Structures are given as structure tokens and as C-alpha cells.
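**Student:** Letter by letter, the chains look like this.
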Amino acid sequence: MKQFTSVNDVEDIKELVEAALALKKSPYAHQELGKNKTLGLVFLNPSLRTRLSTQKAALNLGMNVMVMNMDKEGWALETRDGVVMNGTTVEHIREAAAVMGQYCDVLGLRSFPKLVNREEDYNEEFFNKFISFCGVPVVSLESATRHPLQSLADLVTIKETWKGSKKPKVVLAWAPHIKALPQAVPNSFSEWMCQAQEEGILDFTIVQPVGYELSTDFTSGANISHNIDEALADADYIYVKNWSSYKQYGKVLPFPEGWMITNERLKVTNDAKVMHCLPVRRDLELSSEVLDGPNSLVIQEAGNRLWAAQAVLKAVLETL
Amino acid sequence: MKQFTSVNDVEDIKELVEAALALKKSPYAHQELGKNKTLGLVFLNPSLRTRLSTQKAALNLGMNVMVMNMDKEGWALETRDGVVMNGTTVEHIREAAAVMGQYCDVLGLRSFPKLVNREEDYNEEFFNKFISFCGVPVVSLESATRHPLQSLADLVTIKETWKGSKKPKVVLAWAPHIKALPQAVPNSFSEWMCQAQEEGILDFTIVQPVGYELSTDFTSGANISHNIDEALADADYIYVKNWSSYKQYGKVLPFPEGWMITNERLKVTNDAKVMHCLPVRRDLELSSEVLDGPNSLVIQEAGNRLWAAQAVLKAVLETL
Amino acid sequence: MKQFTSVNDVEDIKELVEAALALKKSPYAHQELGKNKTLGLVFLNPSLRTRLSTQKAALNLGMNVMVMNMDKEGWALETRDGVVMNGTTVEHIREAAAVMGQYCDVLGLRSFPKLVNREEDYNEEFFNKFISFCGVPVVSLESATRHPLQSLADLVTIKETWKGSKKPKVVLAWAPHIKALPQAVPNSFSEWMCQAQEEGILDFTIVQPVGYELSTDFTSGANISHNIDEALADADYIYVKNWSSYKQYGKVLPFPEGWMITNERLKVTNDAKVMHCLPVRRDLELSSEVLDGPNSLVIQEAGNRLWAAQAVLKAVLETL
Numbered sequence: 001m002k003q004f005t006s007v008n009d010v011e012d013i014k015e016l017v018e019a020a021l022a023l024k025k026s027p028y029a030h031q032e033l034g035k036n037k038t039l040g041l042v043f044l045n046p047s048l049r050t051r052l053s054t055q056k057a058a059l060n061l062g063m064n065v066m067v068m069n070m071d072k073e074g075w076a077l078e079t080r081d082g083v084v085m086n087g088t089t090v091e092h093i094r095e096a097a098a099v100m101g102q103y104c105d106v107l108g109l110r111s112f113p114k115l116v117n118r119e120e121d122y123n124e125e126f127f128n129k130f131i132s133f134c135g136v137p138v139v140s141l142e143s144a145t146r147h148p149l150q151s152l153a154d155l156v157t158i159k160e161t162w163k164g165s166k167k168p169k170v171v172l173a174w175a176p177h178i179k180a181l182p183q184a185v186p187n188s189f190s191e192w193m194c195q196a197q198e199e200g201i202l203d204f205t206i207v208q209p210v211g212y213e214l215s216t217d218f219t220s221g222a223n224i225s226h227n228i229d230e231a232l233a234d235a236d237y238i239y240v241k242n243w244s245s246y247k248q249y250g251k252v253l254p255f256p257e258g259w260m261i262t263n264e265r266l267k268v269t270n271d272a273k274v275m276h277c278l279p280v281r282r283d284l285e286l287s288s289e290v291l292d293g294p295n296s297l298v299i300q301e302a303g304n305r306l307w308a309a310q311a312v313l314k315a316v317l318e319t320l
Numbered sequence: 001m002k003q004f005t006s007v008n009d010v011e012d013i014k015e016l017v018e019a020a021l022a023l024k025k026s027p028y029a030h031q032e033l034g035k036n037k038t039l040g041l042v043f044l045n046p047s048l049r050t051r052l053s054t055q056k057a058a059l060n061l062g063m064n065v066m067v068m069n070m071d072k073e074g075w076a077l078e079t080r081d082g083v084v085m086n087g088t089t090v091e092h093i094r095e096a097a098a099v100m101g102q103y104c105d106v107l108g109l110r111s112f113p114k115l116v117n118r119e120e121d122y123n124e125e126f127f128n129k130f131i132s133f134c135g136v137p138v139v140s141l142e143s144a145t146r147h148p149l150q151s152l153a154d155l156v157t158i159k160e161t162w163k164g165s166k167k168p169k170v171v172l173a174w175a176p177h178i179k180a181l182p183q184a185v186p187n188s189f190s191e192w193m194c195q196a197q198e199e200g201i202l203d204f205t206i207v208q209p210v211g212y213e214l215s216t217d218f219t220s221g222a223n224i225s226h227n228i229d230e231a232l233a234d235a236d237y238i239y240v241k242n243w244s245s246y247k248q249y250g251k252v253l254p255f256p257e258g259w260m261i262t263n264e265r266l267k268v269t270n271d272a273k274v275m276h277c278l279p280v281r282r283d284l285e286l287s288s289e290v291l292d293g294p295n296s297l298v299i300q301e302a303g304n305r306l307w308a309a310q311a312v313l314k315a316v317l318e319t320l
Numbered sequence: 001m002k003q004f005t006s007v008n009d010v011e012d013i014k015e016l017v018e019a020a021l022a023l024k025k026s027p028y029a030h031q032e033l034g035k036n037k038t039l040g041l042v043f044l045n046p047s048l049r050t051r052l053s054t055q056k057a058a059l060n061l062g063m064n065v066m067v068m069n070m071d072k073e074g075w076a077l078e079t080r081d082g083v084v085m086n087g088t089t090v091e092h093i094r095e096a097a098a099v100m101g102q103y104c105d106v107l108g109l110r111s112f113p114k115l116v117n118r119e120e121d122y123n124e125e126f127f128n129k130f131i132s133f134c135g136v137p138v139v140s141l142e143s144a145t146r147h148p149l150q151s152l153a154d155l156v157t158i159k160e161t162w163k164g165s166k167k168p169k170v171v172l173a174w175a176p177h178i179k180a181l182p183q184a185v186p187n188s189f190s191e192w193m194c195q196a197q198e199e200g201i202l203d204f205t206i207v208q209p210v211g212y213e214l215s216t217d218f219t220s221g222a223n224i225s226h227n228i229d230e231a232l233a234d235a236d237y238i239y240v241k242n243w244s245s246y247k248q249y250g251k252v253l254p255f256p257e258g259w260m261i262t263n264e265r266l267k268v269t270n271d272a273k274v275m276h277c278l279p280v281r282r283d284l285e286l287s288s289e290v291l292d293g294p295n296s297l298v299i300q301e302a303g304n305r306l307w308a309a310q311a312v313l314k315a316v317l318e319t320l
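Chains as they are written, first to last, in the UniProt record's numbering: chain Y, 1 to 320; chain S, 1 to 320; chain R, 1 to 320.
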């Protein structure tokens with residue numbers, strides 16, 4: 001794999017999921033692969049799970065890791081061409097990315113959307129320019145519109161826990177929040193689940209209040225609903241996540257009461273497992289009783305971030 | 001050792017001190033023990049000595065280390081149960097601690113007191129919840145009320161330098177400061193010295209101005225004094241440290257002039273060695289002439305932080 | 001090499017350049033040298049290239065690396081003796097440096113000038129005190145007046161790229177900027193080029209507007225010019241860099257129009273290669289057309305920071 005920025009970079013998602021589960025059984029089996037290889041992790045935004053899990057994944061593979069918190073340790077980067085840089089930006093992405101590529105064999109990059117201008121965010125200008133200028137493989141640690149390491153970990157978790165004989169019903173359920181959050185996690189989850197549905201792995205439904213529909217670029221083939229009662233019926237997995245509006249870009253819109261998943265809501269499901277990418281605001285996004293109960297997979301899911309990252313880094317290392 | 005948060009977690013302090021001194025002689029003798037084991041260092045407050053010494057200790061043991069500065073890189077954590085998280089906290093300690101436990105084999109944690117509400121600080125709610133939720137051994141990097149890695153290094157330093165035939169007289173002497181500092185270091189030092197006194201290793205005295213008495217939970221068996229002239233007589237070691245009042249919690253109270261240790265003050269001692277955990281404000285807490293003179297152990301003491309941390313991590317690794 | 005703070009610490013610059021180029025061919029040939037040795041990187045100011053390249057250099061040599069961002073993670077340090085520390089400084093450099101020396105075998109240090117008081121900056125008080133108190137070899141990661149790792153990488157780049165039969169003409173050309181920048185990079189570059197000129201490696205010219213002359217302590221033997229047209233004639237290398245005035249210390253003075261290097265300006269040169277230490281403000285310091293054209297060496301030059309740092313660390317490790 002030469003880069004990992006979306007499900008489209010993956011040749012065979014089943015194979016990648018199997019690779020992650022194999023690494024979970026034998027974490028240190030490939031330490032020669034990463035010997036003398038350096039992973040640079042570039043964060044333009046804060047990170048807990050992604051940083052720790054990716055760093056650990058690289059160490060498991062024998063790599064060295066250098067972390068760069070650009071928001072604090074670094075510089076404001078210019079992305080536009082043809083401007084005289086006499087303002088606040090101190091370095092152009094052309095130089096900054098190319099230089100990091102000189103010191104690292106693989107780069108991980110995190111850059112959130114600003115949620116102001118939809119076209120600008122969905123362009124992924126920063127991400128794409130960084131990739132084209134750095135000269136080494138890039139692994140997304142979450143971009144403006146996608147978080148593929150999270151989605152791979154989610155699929156690994158479903159694969160690992162599903163013991164039924166039929167295809168599981170997976171529901172992505174919008175959840176309340178007080179802040180305007182990016183669509184990166186739900187976009188990416190939807191994109192991966194649509195691909196998994198196409199490959200006959202599962203059935204996929206998205207449910208959200210009116211106005212919160214995701215871009216159709218990420219939801220091809222998904223069953224789209226606005227009725228949470230209907231959507232959750234017979235669900236095997238509920239993937240809980242807030243996001244701000246795509247249509248009224250970056251806005252927090254009014255929504256019907258009672259969207260939060262509780263034990264009561266689980267009754268209509270097939271004893272559904274509940275997932276969330278974390279961090280989660282308890283009793284706002286998701287009820288404590290569910291998080292602390294037997295249906296929650298959130299910690300196991302977070303743990304699988306490690307094996308997802310390790311499978312991706314292994315696939316990248318194999319092409320170096 | 002399954003956790004290291006106070007002297008009570010240590011089965012045999014003499015043995016642990018000997019282990020530290022043995023590691024000082026053979027720092028790299030146990031690198032197989034830490035192979036493929038990861039130490040996560042979680043700082044909710046800044047750190048210099050503790051971070052570097054613990055990181056180096058882990059590297060000496062062959063471990064990987066991941067540092068997490070939560071005050072800057074991370075999140076405001078919620079510790080209360082049953083609250084709707086629609087305020088400033090973005091993640092609950094239940095999830096945050098559990099997730100870190102997924103990526104690390106051992107966790108180190110630093111969390112200072114707020115010095116506002118005594119009961120809240122002395123509850124050690126944050127620390128205890130973190131330990132119970134993370135699922136892996138935890139080493140204290142200083143909590144609201146204790147700093148056991150410092151105290152162990154202090155005991156190692158006394159053991160290493162004492163050449164007399166009788167038991168040394170160790171005096172913990174309060175020192176002036178302009179800020180309200182926690183009681184963690186003196187609480188912990190006192191607790192360790194009381195234990196050492198009980199085991200016949202040394203005699204222990206605490207001297208402080210009226211109003212600065214520590215909680216009796218940490219001083220059982222210590223000789224308590226308010227007269228610095230008397231307390232220092234024939235002392236072999238003076239452990240200099242400021243702390244704010246425990247009784248008038250977190251307050252800086254008036255104190256008699258002349259509390260600072262100077263060469264003049266050393267005259268009544270048995271040529272006492274002078275210790276301080278650092279950082280030290282020169283000529284406010286402790287005179288420059290003492291710090292720069294032959295009686296000061298402060299740099300050697302700081303150096304021993306490494307071997308204390310390595311002995312603790314080794315003991316923890318042996319239980320994994 | 002017992003320290004690396006200026007060209008004067010280097011016995012033989014040709015040999016050091018050759019060592020860097022040899023390491024570029026065999027990066028991992030000396031991993032036993034750094035085994036169980038720890039490099040501490042202490043930053044009082046932000047760093048991208050220097051941090052990553054030095055960290056990678058140490059890893060290539062088998063060392064462990066601990067990074068300390070003192071501006072954010074640490075403390076305000078006192079450097080003066082004989083002051084009662086009852087103000088904003090929380091630790092004296094005497095203790096802070098000595099303690100870091102306890103945990104690290106080699107220390108790297110970055111500390112920028114304040115550009116307020118020339119004598120204070122050019123004293124290098126902080127740097128010199130740190131070196132004298134820490135007790136281990138120190139590698140400069142840029143001080144108030146010098147950046148020798150950059151200069152060594154620059155000389156390596158010239159040596160690596162020069163294919164002519166005569167000595168190349170190297171021109172250090174002042175460039176416009178909107179901020180007051182230190183003289184550390186040009187001082188250091190000049191000092192190294194003057195030494196290289198003395199050894200018959202190259203011819204060296206400095207060109208700057210009136211008022212921007214560097215301290216003669218760093219320019220001995222250089223051809224000094226104020227006329228950019230004349231200075232660039234037949235140049236083989238142009239080293240572009242802004243700096244603030246040394247004479248009117250730290251000031252940004254008026255300068256003649258047309259100082260920026262463009263393709264048009266390159267016409268009078270011997271198809272000169274263009275260098276810059278980065279970060280560079282495009283179309284303010286240096287034109288985009290040059291940076292993106294075939295004459296630019298800036299990325300290769302940044303890449304060579306790694307081999308320069310590795311050659312220096314190797315030479316230091318050989319003396320431990």
C-alpha cells in the first residue's frame with residue numbers, strides 16, 4: 001500500500017482485516033520489517049488514541065517514531081501558491097512536507113477541517129498537497145473528511161465479535177452533542193461499511209435527523225433513514241456518533257428529542273453491540289448505562305485501533 | 001509489585017533500595033525484561049526530573065516509552081459519575097484510562113492537587129479512579145498527596161552516602177517559599193522515613209513553623225518539632241522542603257525569620273548532608289553557599305531518581 | 001569531539017564533511033556506538049528540521065533520544081548568581097543543567113537570542129553556563145550567535161554537489177524579511193566558509209545592504225560587498241538568508257529594492273546553485289521560481305542536516 005487515506009487505497013478490505021487480527025495474535029512477528037525505518041507523526045490537531053495506538057503499532061513493527069505536534073511545536077504553514085509570504089505563515093507546505101520526507105520513511109498526518117467553508121474542507125487541499133510534496137507514503141491520522149484508521153478498527157471489531165450465521169445489520173446512528181464536530185468519522189465509517197456491504201459482509205443503515213444527511217459521496221448503497229425507531233429494529237451493531245450538518249455546513253441544527261441511545265432503545269434491536277470512536281460525552285451522546293453495560297464495545301474497539309494501525313503500517317512497509 | 005503509589009505498596013523497602021543500588025552498578029543487565037513492553041507516562045502537570053529519569057529508567061530496562069502531556073496535548077477529563085457531560089470536560093476518566101491501558105503495559109501518572117479543597121485532594125479521587133479503570137499497573141509520578149519515586153530516591157541517597165556506625169539522624173526541615181506548594185513531597189518523605197525508622201534504619205525528625213504541621217496520617221512515629229535550632233542539633237541529614245499549610249489548607253502562613261538553612265546553621269549539625277528534591281529557589285528556600293558547598297547532595301539525589309524508577313519498574317515488570 | 005558549538009570545536013572540517021558523506025552511504029554502520037547511550041534534546045525555542053534530523057541521526061547511531069521542550073514543558077531558568085529567587089524563575093541553571101547531565105550522555109541545546117541587548121546575546125551566557133554545569137558533552141542546536149549543525153550541513157551540500165575543477169565561488173546574500181531575525185545562521189555560515197576558504201576549499205563573499213554588516217569576529221578573510229550585482233557575478237553558490245542588523249542591534253533597516261534572488265538575477269552567475277537553511281518565506285526572501293527551479297538545493301540541503309548531525313554525534317560518542 002503506497003498511501004492510506006481512504007478505503008479506496010485498500011485493495012482488499014477483508015485481507016486487511018484478517019491481517020489486523022493476525023497481528024493481534026502475534027504482535028511482534030514482524031520486527032525486522034520496520035528495523036531502521038522511521039515513522040513521523042505530524043499532528044496539526046490534538047490526539048490521544050490515534051497517537052498512542054499508531055506509535056505503539058510502529059514500535060511493535062520495530063520502527064522508530066518521531067512525533068511532531070505542529071500546532072504547538074511548529075509553524076503556521078502556507079498552502080497557496082503565488083502569494084508573497086509577508087503575513088502570518090512562516091513556511092510553505094512545499095518545503096515543510098518535503099523536509100519531513102527527508103527524515104522519515106513513512107509519515108502520518110492529522111489535519112482537521114475548519115468547518116467554515118465546505119468546499120475548502122472537502123477539497124482536502126492541505127492533505128493532498130502534503131502527500132504530493134513529501135515524497136514518502138502517507139497514512140491518514142484523520143483528515144478534514146475521513147478517519148480511515150478508525151473505520152478499519154471498527155470493521156475489525158465487527159468481524160471479531162460477530163458470531164451470527166447471517167450478515168449483521170450495522171446502523172450508524174447520529175447522536176446529540178453541544179459542539180459542531182467534523183463529518184470525518186461518519187463519512188469514513190459509511191464509506192467502509194458501504195464497501196463491506198458490497199462485498200456481502202454486512203447490511204448497512206444510516207439514521208440521522210433531517211438536515212444531518214452526509215454527502216452522498218460516502219453513502220453509496222447505504223439504507224438512509226430519519227426514523228431512529230425503525231432504523232434500530234433488529235440491529236446487530238449500533239455505531240453512535242455525532243456530526244455537524246453537511247448541508248448547512250458545520251451547523252448544529254435542532255433535532256427531535258430522544259435520539260440518545262439508552263438501554264430502553266436497545267430493546268428493539270437484536271441485543272445490539274454499541275460502538276463509539278471515543279471520546280464520548282456521557283449521557284449527552286450516549287447513556288452511561290449503555291457504556292457501562294454488556295453491550296458496549298467501545299474499549300475493545302479502541303484497543304483494535306492498535307491492530308488496525310499495525311496492519312496498515314505493515315502493508316506500507318512491505319512496499320518500501 | 002502491582003502498583004507503586006505509596007510506601008504501603010512496597011513489601012520490603014530495604015530490598016527495593018538494594019535493588020536500586022544494584023541497578024546503578026549494572027544499568028543494562030535486565031533489558032530482556034522490558035522487551036516489547038510499553039510504558040505510558042501521563043502528565044497532567046509539568047515535569048523535568050520525573051519525566052527524564054523515568055523515561056531513561058524504562059529505556060535501560062529495554063522498554064518502549066510513550067509520553068502523553070495531557071495538560072497540553074489532551075483533554076479535560078470528567079471524574080464524576082452521573083453527570084450529563086455538556087460542559088467543558090470532553091472525556092470521562094472511565095474511557096480515557098481504559099483506553100490508555102489498551103496501549104500500554106504499565107502506566108505512570110502525575111496529577112497535582114488543586115490546593116483548594118483539602119478533602120478533595122486527599123481523597124486522591126483522580127488517581128484512584130485512573131488506577132481502577134486503566135486495568136494495568138500504575139506507577140505514581142506524583143499524586144495530590146505523595147511522590148513515592150522521590151522518596152525512594154531519597155532513601156537510596158541516604159543509604160548510599162551514610163558511612164557512620166550509628167543510625168543517622170534525618171531531619172525534614174520546612175523552608176520558606178513565595179508560592180503555595182503541595183504537601184506531596186514532605187508527606188511522602190515522612191511516610192518513607194517513618195517506615196525506615198520502624199525498621200531501625202534511621203531516626204527521623206520533622207521541624208516546621210506552627211501551622212505547617214503535616215497530616216498525622218504520614219508522620220506516625222516521627223519526632224515533631226517547631227524549634228529549628230533544637231531539631232538540627234547533631235543532624236546527619238537535612239531534607240529541605242517547602243510546603244503550604246495542611247491545617248489552613250493550601251495557605252502560606254507567616255513564619256519566624258531565619259528558617260533558611262545556611263552554613264551557619266550547619267554548625268550545630270554533625271556536618272549534615274543537605275538534600276532537596278529540586279527545583280530549588282536559591283537563597284529563598286536554601287542558601288547558595290550550602291547548595292554549592294561540600295554538604296549538598298542535591299545533584300546526586302536527583303541522579304538517584306533514575307535508579308529508584310528503574311528498581312520500581314523492574315519490580316512491576318517482574319509481575320507482568 | 002568534546003563539544004560542538006562552533007567551527008572552532010572541529011579539528012578538521014574536511015574530515016568531518018567526509019564522515020557525514022560516508023554516513024549518508026552507510027547510515028546504520030555504527031549502531032553499536034550509541035547502544036545504551038542517551039541523547040537529551042533541550043529546546044528553549046521551537047524546532048522542526050533540527051529536532052527531527054538530530055533525533056533521526058541519534059536513532060541511526062543506536063542511541064536513545066529524550067526531547068525536552070523547556071519553553072512549554074519546563075521552567076523559566078535563572079542564570080544569574082547571587083540573586084534571591086523570589087521572582088518568576090523557578091530553577092537555577094546550575095541545578096537544571098546538572099540534573100539533565102545525570103540522565104543523558106550527550107545533550108543538545110537550543111537557545112535563541114532576545115535581540116534586545118547585543119552584549120548579553122553575544123556573551124552566550126546561557127549556553128556557556130549550561131555547558132559548564134551539565135557535565136556532559138553539549139551539541140549546539142542553535143545558540144544566540146551560531147548554528148553550527150546548519151553550517152556543517154551547508155558545507156556538506158557544497159562538497160557533495162560541486163563538480164567543477166576550480167574552487168567554487170560561494171556568496172552569502174542577505175535577503176529581505178518582515179521580522180527581525182537572529183544573526184546566528186549567517187554568523188555561523190560565514191565562520192565555516194572563512195575556515196573552508198583558508199583551507200583552499202572555496203572562495204567566500206558576503207553581500208548585504210549598508211548597516212547589515214555582520215560582526216567581524218565571524219567574517220575574517222571574507223570578501224565583503226554591498227553591491228549585489230557585483231557580488232553575484234560568476235557565483236557558483238548563493239546562500240540566501242535574512243538577518244537583522246548587528247550594528248543597530250536587532251533592528252530591521254531600510255534596504256534598496258531588488259535584493260530578492262530571482263531567475264533574472266541568476267543570469268550573471270555561473271548557473272549558481274541556490275541554498276537556504278529554511279524555513280523560507282516565498283517571494284519575500286526568495287522567489288518561488290528559484291525555489292521550484294533546477295538551481296535550488298534547499299531540500300537536499302535540509303536532508304543533509306541528518307548526516308551533519310550524525311557525523312557530529314558519532315565524533316562525540318567516540319570520546320565517551
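Since the hints were made in silico from the structure, they are not lab data.
Predicted model, so just to flag it, every value in this text is computed and none were measured.
Just to be clear, a hint being listed does not mean it is correct.
The list makes no distinction among identical chains, and a pair is therefore deemed to hold if it is satisfied within one copy or across any two copies.
Simulated pairs of lysine-lysine, DSS-like, Cα-Cα distance not exceeding 30 Å [as the list claims (entries may be wrong)]:
| # | residue 1 | residue 2 |
| --- | --- | --- |
| 1 | Lys24 | Lys129 |
| 2 | Lys14 | Lys167 |
| 3 | Lys267 | Lys24 |
| 4 | Lys251 | Lys24 |
| 5 | Lys179 | Lys251 |
| 6 | Lys251 | Lys167 |
| 7 | Lys267 | Lys35 |
| 8 | Lys35 | Lys167 |
| 9 | Lys24 | Lys37 |
| 10 | Lys247 | Lys24 |
| 11 | Lys251 | Lys166 |
| 12 | Lys179 | Lys129 |
| 13 | Lys35 | Lys247 |
| 14 | Lys2 | Lys267 |
| 15 | Lys159 | Lys2 |
**Student:** Which hint numbers doesn't this structure obey?
**Tutor:** 3, 4, 6, 7, 8, 10, 11, 13, 14
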